[in-house]
Amino acid sequence: MSDFDPTTLATQLAGYDILALQTSLKSQTSTLEAQKKALSSLRTALSDFRSAITGLNSSSTSVLKNTATMNQEGIATITASASARKGTYSLNVTQLASAQQKGFDGLDDEAIKNASGTLKINLNGESLEIEMDDLDSLADFADAINNADFPSASDTATSDDGQNGVTASLMRIDGKVTLMMSSDQSGEKYDIQLDTSGMTNGQDIFNGENVITAGKDAKFTVGDFQHRLLQQLQYPG
Numbered sequence: 234m235s236d237f238d239p240t241t242l243a244t245q246l247a248g249y250d251i252l253a254l255q256t257s258l259k260s261q262t263s264t265l266e267a268q269k270k271a272l273s274s275l276r277t278a279l280s281d282f283r284s285a286i287t288g289l290n291s292s293s294t295s296v297l298k299n300t301a302t303m304n305q306e307g308i309a310t311i312t313a314s315a316s317a318r319k320g321t322y323s324l325n326v327t328q329l330a331s332a333q334q335k336g337f338d339g340l341d342d343e344a345i346k347n348a349s350g351t352l353k354i355n356l357n358g359e360s361l362e363i364e365m366d367d368l369d370s371l372a373d374f375a376d377a378i379n380n381a382d383f384p385s386a387s388d389t390a391t392s393d394d395g396q397n398g399v400t401a402s403l404m405r406i407d408g409k410v411t412l413m414m415s416s417d418q419s420g421e422k423y424d425i426q427l428d429t430s431g432m433t434n435g436q437d438i439f440n441g442e443n444v445i446t447a448g449k450d451a452k453f454t455v456g457d458f459q460h461r462l463l464q465q466l467q468y469p470g
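Numbers 234 to 470, taken from the working numbering, label the letters of the sequence shown in order.
Just so you know, the hints here were simulated from the structure itself, not pulled from any lab data. Careful: at least some of the hints might be erroneous.
The calculated lysine to aspartate or glutamate pairs, modelled on EDC-like cross-linking and capped at a C-alpha distance of 20 Å, are [unchecked claim]:
1) K422 x D382
2) K422 x D450
3) K353 x D450
4) K346 x D437
5) K409 x D428
6) K353 x D338
7) K409 x E343
8) K409 x D342
9) K353 x D382
10) K346 x E359
11) K409 x D367
12) K409 x D376
13) K353 x D376
14) K353 x D437
15) K452 x E421
16) K422 x E359
17) K270 x E306
18) K259 x D281
19) K409 x E359
20) K346 x D428
Start from the sequences and build out the full structure, keeping to the hints where you can.
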């Protein structure tokens with residue numbers, strides 16, 4: 234007859250009792266984890282729904298969404314507001330907008346080096362000043378223009394489309410380097426004008442000014458109505 238160990242028997246019996254409890258606890262834990270994940274997903278969905286409702290209730294957003302399409306892409310970008318009426322409109326572009334560009338014949342390094350005083354560049358009601366005394370070349374002059382800002386360009390409240398700007402560049406034409414000034418914005422009102430009244434020497438060095446490209450507004454018709462614009466038009470309908 235084998236030895237009987239009451240301690241071992243008691244331990245085994247206790248383990249059997251605990252095993253059932255452990256299995257039950259594991260099952261409950263798995264269920265709670267699944268419920269936790271489900272609640273988290275529900276909370277995310279409710280948050281997204283709340284954000285969508287808030288957007289629909291804003292003063293600038295409407296529940297009704299209209300779209301506008303063109304039968305030929307690339308001519309213009311059009312959008313439709315919530316109040317736009319359904320219809321087909323004939324759009325005919327008669328003139329594209331362009332930015333003014335000017336060149337200056339006879340302007341060279343020596344002319345810039347000998348100039349002195351203050352040159353004003355006027356554009357669309359604003360001006361920027363270029364001090365000529367410390368400039369020794371066309372490259373210096375171009376850099377001075379490109380590093381200067383019109384007041385609207387420094388105003389954070391002014392959109393990029395509303396900021397005046399002039400860009401200077403140097404081009405080699407027929408072996409000669411020519412200074413070019415270009416408006417950063419398109420349209421007739423962006424006309425580059427030079428004021429040499431503040432210069433003390435070399436006021437005549439800009440007399441060789443030539444218009445390379447004229448600044449033009451875009452012109453187009455919608456049906457029987459003719460329009461012109463620089464950038465954006467809101468058409469009722």
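* Are the Cα positions of K409 and D342 separated by 20 Å at most? -> Distance ~12 Å between K409 and D342 Cα, so the pair holds.
* **Hinted pair K353 and D382, Cα distance within 20 Å** => 12 Å, holds
* Asked: Regarding the pair K259 and D281, is the alpha-carbon distance no greater than 20 Å?
  -> 34 Å, violated
* Does E359 lie within 20 Å of K422 when you go C-alpha to C-alpha? -> Holds, at about 12 Å.
* Sort out whether D367 lies within 20 Å of K409, counting only the CA atoms. => 23 Å, violated
* Would you check the hint for K422 and D382, treating anything up to 20 Å between C-alpha atoms as holding? => 18 Å, holds
* **K353 paired with D338 [C-alpha distance capped at 20 Å]** => 19 Å, holds
* Asked: Does the alpha-carbon distance linking K452 and E421 stay inside the 20 Å limit?
  -> 12 Å, holds
* To do: Given the hint that K353 pairs with D376, test it: the Cα-Cα distance must not exceed 20 Å.
  => 15 Å, holds
* Does the structure keep K346 and E359 at a Cα separation of 20 Å or less? -> 26 Å, violated
* Would you mind confirming whether the straight-line C-alpha gap from K409 to D376 stays at or under 20 Å? => 19 Å, holds
* Is the straight-line distance between the alpha-carbon of K353 and that of D450 20 Å or less? -> Judged against 20 Å, a Cα distance of about 25 Å means the pair is violated.
Consistency with the previously given hints fails for numbers 3, 5, 10, 11, 17, 18, 19, ordered from lowest to highest.
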